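Engineer: Throw the hints in and build the complete structure from the sequences for me.
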Amino acid sequence: MEVNDSGSVVLTAYHSYTPARAEQSFAPEAPPSRPLLLRKSLPRCQRINRMISNESLHPPVYSRSNSQASVDSTSMEDFWCEVENIKESSEDRQDDQTLLEVKSPDEGELEAEWLHDVGLSTLISGSEEEDGEALLSTLTRTQAAAVQKRYNTYTQTMRKKNKHQARDVRDIFGVSDNSPAFEAIPASPVMTNGIQLPIHKPATSYLECEFEKVNQSVTEELSFEVSFSESITEIPKHREWHSNQSFKKEESALPNFIIRKSRFGLTEVGDLSLGDMKKIRYLSLIELTAFYDALGIELKRNRAERVRGRENGLFGVPLTILLESDQKKFPGIKVPLIFQKLLLKLEETGLETEGILRVPGSASRVKSLRQEIEAKFEEDMFDWEQVRNNDAAGLLKMFIRELPSPLFTVEYLPAFITLVEKIPEVKLQLQALHLLIMLLPDASRDAAKVLLQFLKKVVSNEGKNKMTLWNVSMIVAPNLFIYKGKRANQEEMLAAATTARIVRLLIKYQDILWMVPNFLISQVRKMNEAAMNNTKRQLMFDKGVRRLLRRKTMERERPERTESDIPEGVIRVHAPLHSKVSMAIQLNNQTKVKDILARFCCENSHESSANMKMQVQSLHEIGGNIGQHCLDPDAYMLDVYHANPQAEWVIKPKIS
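Under our numbering, the residues of the sequence shown are numbered 1 to 656, in order.
Bear in mind the hints are in silico, worked out from the structure with no lab data behind them. Among the clues, some could well be false.
In the DSS-like style, the derived pairs of lysine-lysine whose C-alpha atoms are separated by at most 27 Å in a straight line are [claimed, not checked]:
id : residue 1 : residue 2
1  : Lys652    : Lys261
2  : Lys345    : Lys464
3  : Lys654    : Lys261
4  : Lys376    : Lys149
5  : Lys345    : Lys376
6  : Lys341    : Lys329
7  : Lys654    : Lys592
8  : Lys87     : Lys278
9  : Lys300    : Lys278
10 : Lys526    : Lys149
11 : Lys580    : Lys654
The calculated label-pair distances, taken between Cβ atoms and stated as ranges, are [said to hold, decoys possible]:
id : residue 1 : residue 2 : range
12 : His642    : Glu268    : 20 to 30 Å
13 : Ser364    : Ser273    : 45 to 55 Å
14 : Ala253    : Glu347    : 39 to 49 Å
15 : Thr535    : Ala253    : 48 to 58 Å
16 : Gln453    : Glu88     : 43 to 53 Å
17 : Gly463    : Val570    : 51 to 61 Å
Predicted model, so just to flag it, every value in this text is computed and none were measured. Backbone N, C-alpha and C define an ideal beta-carbon position, used for all residues, glycine too.
Structural biologist: Written out as structure tokens, the structure reads:
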């Protein structure tokens, strides 16, 4: 069925779908009262089939093939069957979650929350917070303009309320009346990891994100070296989705993207320390705001609705509480065990099941299995062999949609919707989606990652399970993007194609989305350096510290040659878990991280080969202007060394 993606229509109920005017809107019209009893007497999916067949009464104004119409109608049927399943399952149980009402904020409060969320609450409080000053010093021109815009809105609102005197934005950024607005990082130079890149031929290594069956001729290149907002040289013309646009999107319409690795390699989310990832979130929200500003799009956010979930059990429990419980048994675990078990069950036995995720299991069996899991899972007494594949899929979807906080967060749901509705180019959509993923809390992002990895495996087995990328997206979308809250009755469902397109992008480009852009790492390095310089300046004013420094200087009058006297370009690599615990290595322009790892492996070849295979060793950059950074094996070590000469270099297992 082909319908018009208006980009702004909201579905207001689960059960009132009437596609008689599907060419004009995704929103269902109010159902006629006459056939109400007949509708309730029919099986659920049969009712939906009948509603979809009404499309023939109003033929579209454009031509299409019968086969395409059949495929589109099937997609809509899948979607609405899933919505009906969700509605019925929610009616069959007692809702354990309590919504805590929150007063709607005014514009000034929204901007104050934004400044707090980006780590700039110091601008409101007036305190001289080191992190805030360091963050401001790293901003690009577009990022600084985004901060200024939000701060100006905040100060204007506060003045209207006769609140405390707000600081002038020129005082914050050190701008005089006669100086240009901002003298932050310029837009034109390409900066990476805190240093100017040398001019050389591009590296030949890539990260490709694609499905094998997708048309290989459509390929674009992405750059992680320059701020996304700075790379927008002109605002694309916004275009609404045409009324004759096919609802069913062929997978081949999505381009493949190649990320050409820089000399610093690529960095996954888990490769950085928690402290540095906190700074990445600050910068990502500022960059996302600047990105939307550059496109001329308003970045809307929902105010977080505080929903009190269950404090014990498995379903309807916040991810953080589940993790706290599981980490007592398995320290370092990042994904709740129950979520892992459900995914593992489906991966082992369900990937080739026809209609997996689409064909619902027995509602009564799923309800019974849920109760049994709640009772027996903690003691590891639950028998997973008894669970049928379709029932396991039902339990998985139930677990996802009953989370008190959605995986992709209520706050940024409007931003997810907007990137599909208002941004016409897939490349720009992907950049916005990338920044949104960087904003997710650790628990949500880790759970979303394993879910998307599973969904990619489902699509990879399309030949046997008959689940295409679009089918999977249509089924998963209502489970991810229906959320509870005080507005649930008015906004229970967003336009079907919009949410499905979001899921399709998430599955297709997941290998890219969990890579931290290099320009954000560069800003984190600058931020850490600025914070260290501020600390040093403060220490110099401490008389006690100055006396201590003088005493230390006198003690060094007869220095002895130590490891600190290592020549330029030579690093000391430590390997506490190897028999050869350290080694001095001379770097040259072609030395890669994997070369250093290979050298240590060769020097310690007498160690147990079984032990070496059990633990994948990685080189970690620790200290200096970074907290901890697990390096890409393809990174050029001399470039990383120049970016952070004060770091320590340690070989140890990578934490997965």
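Engineer: Evaluate each hint against the coordinates.
Structural biologist: Hint check:
| no. | hint | verdict |
| --- | --- | --- |
| 1 | Lys652 with Lys261 | holds (23 Å) |
| 2 | Lys345 with Lys464 | holds (18 Å) |
| 3 | Lys654 with Lys261 | holds (20 Å) |
| 4 | Lys376 with Lys149 | violated (54 Å) |
| 5 | Lys345 with Lys376 | holds (16 Å) |
| 6 | Lys341 with Lys329 | holds (15 Å) |
| 7 | Lys654 with Lys592 | holds (17 Å) |
| 8 | Lys87 with Lys278 | violated (37 Å) |
| 9 | Lys300 with Lys278 | holds (22 Å) |
| 10 | Lys526 with Lys149 | holds (23 Å) |
| 11 | Lys580 with Lys654 | holds (19 Å) |
| 12 | His642 with Glu268: 20 to 30 Å | holds (22 Å) |
| 13 | Ser364 with Ser273: 45 to 55 Å | holds (48 Å) |
| 14 | Ala253 with Glu347: 39 to 49 Å | violated (28 Å) |
| 15 | Thr535 with Ala253: 48 to 58 Å | holds (52 Å) |
| 16 | Gln453 with Glu88: 43 to 53 Å | violated (29 Å) |
| 17 | Gly463 with Val570: 51 to 61 Å | holds (54 Å) |
The structure is inconsistent with the numbered hints 4, 8, 14 and 16, although it conforms to all the rest.
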